[in-house]
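Fit chain L to the known structure of chain Z by using the hints.
Protein chains in written order, with the numbering used here: chain Z, 1375 to 1855; chain L, 12 to 267.
Wrong hints could be hidden among the right ones.
Non-contacting residues of chain L with respect to chain Z, defined by C-beta distances greater than 10 Å in every case (computed) [what the hints assert, rightly or not]: (1) Pro90; (2) Ala134; (3) Leu252.
Below, computed lysine-lysine pairings styled on BS3-like, alpha-carbon distance capped at 30 Å [what the hints assert, rightly or not]: (4) Lys1844/Z x Lys126/L; (5) Lys1844/Z x Lys183/L; (6) Lys118/L x Lys1799/Z; (7) Lys118/L x Lys1828/Z; (8) Lys156/L x Lys1844/Z; (9) Lys183/L x Lys264/L; (10) Lys143/L x Lys1828/Z; (11) Lys140/L x Lys1799/Z; (12) Lys1799/Z x Lys1652/Z; (13) Lys154/L x Lys1828/Z; (14) Lys1828/Z x Lys136/L; (15) Lys1518/Z x Lys1640/Z; (16) Lys126/L x Lys1828/Z; (17) Lys156/L x Lys1799/Z; (18) Lys32/L x Lys1799/Z; (19) Lys1435/Z x Lys1518/Z; (20) Lys130/L x Lys1844/Z; (21) Lys140/L x Lys1828/Z; (22) Lys1844/Z x Lys248/L.
Hints in this document: simulated from the structure, not taken from any laboratory. As the structure is a computational prediction, the values presented were derived from the model and not from experiment. Every residue gets a Cβ at the ideal spot worked out from N, C-alpha and C, and that includes glycine.
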Amino acid sequence: MAYSEDDLKQDLEDQEYEFGFTTDVDSEKIPKGLNEEIVRIISAKKNEPEWLLEYRLNAFKVWQGMVEPDWAHVTYEKPNLQEIIFYSAPKPKKELASLDEVDPEILKTMDRLGISLDEQKKLTGVAVDFVMDSVSVATSFKEKLGELGVIFCSFSEAVQEHPELVKKYLGTVVPTTDNYYAALNSAVFSDGSFCYIPKGTKCPMELSTYFRINESGTGQFERTLLVADEGSYVSYLEGCTAPQRDENQLHAAVVELIALDDAEIKYSTVQNWYPGDKDGVGGVFNFVTKRGICERNAKISWTQVETGSAITWKYPSCILKGDNSVGEFYSVAVTNNYQMADTGTKMLHIGKNTKSTIISKGISAGHSHNSYRGLVKIGKGADNSRNFSQCDSLLMTDRCGAHTYPYVECENPTAQLEHEATTSKIGEDQMFYCMQRGIGEEKAISLIVNGYAKEVLNKLPMEFAVEAQKLLEISLEGSVG
Amino acid sequence: MDKEIKKMLEVKNLHASVGDKEILKGLNLEVKAGEVHAIMGPNGSGKSTLSAVLAGREEYEVTEGEVSYLGKELLELNPEERSWEGIFLAFQYPVEIPGVSNINFLKTAINERQKYFGKDPVAAKEFLKMVKEKSALVELSDKLKNRSVNVGFSGGEKKRNEIFQMAMLEPKLSILDETDSGLDIDALRIVAHGVNTLKSKDNASIVITHYQRLLDYIVPDFVHVLYDGRIIKTGGKELALELEEKGYDWLTKENA
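For reference, chain Z alone in the conformation it holds in the complex:
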């Protein structure tokens, strides 16, 4: 019979995590827990130069004096860091030159994710740096990029091959002292991606990294550093799926973007970490620090589609340091069941004529809580700066929550700031209208939700927009029979 709110609630509860599977890979581990010795072991295992070890040890010291923040609108049991293994890597058999040498188990995982490297290789336009646990095991298109002088490799590799670049930029946007999780990451980061686009170069393909948390009980601490030199352009996509687990998994990444004069970075994320089951058991804790700095005339655009994680704590931000620089933040965050997300952005206007745009679309279902938290700060010298913020919330049930915490600090009278916000509930009228036209409940929800999120989805690179749309559908569709 007709579809009701109750059915919708039921459907939303019943859906299961689609990508819940684990890969059986023999991993190299170190003992559980965290102390100075562990930091040294990690650094030694990765054969790091002295300055990086110092960086880690300093971060560890800073971290020891910090407390885990609790201002976010999320509640969770704080992870016991002494129970976490801070480094694990699939045992490399030898140096990998081709896909044939990759563990077949890993290839199978990639197949299930629909991103088989074999296929990826054939598809022109996408280079993939696949992170299995903490070590990159396969990198393609590297040679092609190399011809242009574009460096796109794992962070560890960059430390070995391009130490001068890493040393110059590491920690310049997110200092070690920034926050509890950034400090932790700086001490124990395992691996991640490094990208450098030379002066005046337009990177011809989307650079894409797929991250996975795989080893049970392994915290993963990604470190990403992306430098766009003067007048260059790059579009980068980060997409995540994670296997189903009963215990919580900690993920505390740091992403630093540097856009030098006239450069542009477009950074897109599709995040689908395991969100826990429908009773809120398990799921990934995602405590991420993402920030970019714009020099003169530079532009950084963050686009994120967030559907996973039990707890999300994430504020991709822009420091608009250079005159005429531009920062953008486009976000769709979906929470279902008992998920909690506290996400948003910070736009720090320092240079003159700086512009920022914030479009945030929250979708809450089940018993979840979805918060937008943002800061727009206009500094004293930021003459004629402008910000436009729009924060919309869509509620799917009457048991979920949507919260908005927009902070504004303005120290310059010439600035223009606009803020719009709406909250709406998915309407029975809309549902019935769709159904009367022959669009069944599942399809109708997908249509309405995708319509609501369209402004943000449109900002994603074409080839990923479809994927993201599908992800929204999966995240919200029920097992409607």
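Chain L alone, transformed into the frame defined by chain Z:
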């Protein structure tokens, strides 16, 4: 022609309520292919409830009676199944769906129906040809076709959009719920032209209206007066004129 096949809709002793309140109290109605039925009646008589019940809106509970539609038990079908089987409701208050283009909405609707009948999706070229042809019928501009469903449409544009959708979906039984409300005379003419053009011997319409005005343009074969949840009088198109002149009082007193 076989009489049985010609019978499209048969409503027998229909009782329906919202919450504790009974609104339809034993309604009978029979509609055959090729016919236009007008349902008139004062406010609160149950006109919109009838359209909602026929389309399957779930807040309305049917407590008694039966409805057969082309040989099927209508009340057993989901709203979307009713749609696929050819029932179309032109809404009194068309709903806005932000971010979903009119065209995408219709394409989804049509292809869901294709799926139901085990057919392939309609080819893009064919679909666009249909859009062009049908939108001309109600003078719907290209701009409106690509805009989000009903978002920022004027009252008249919304109603024209309903008839455009109706034209695209080619229903067997159309229910127009106060389609004339809020329309100026030009829009009314355009809407009526659309409805009249779509009329054939194989389809039927139920036109729910408050005023005789619409019936100058869409000429009904039957006019029913709905009062207190029942049809209390049925006549030809001249009944509408009589109602216009005398109001409903003379009928309701008879039935009091």
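Hints that the structure is at odds with (numbers, increasing): 1, 5, 9, 11, 19, 22
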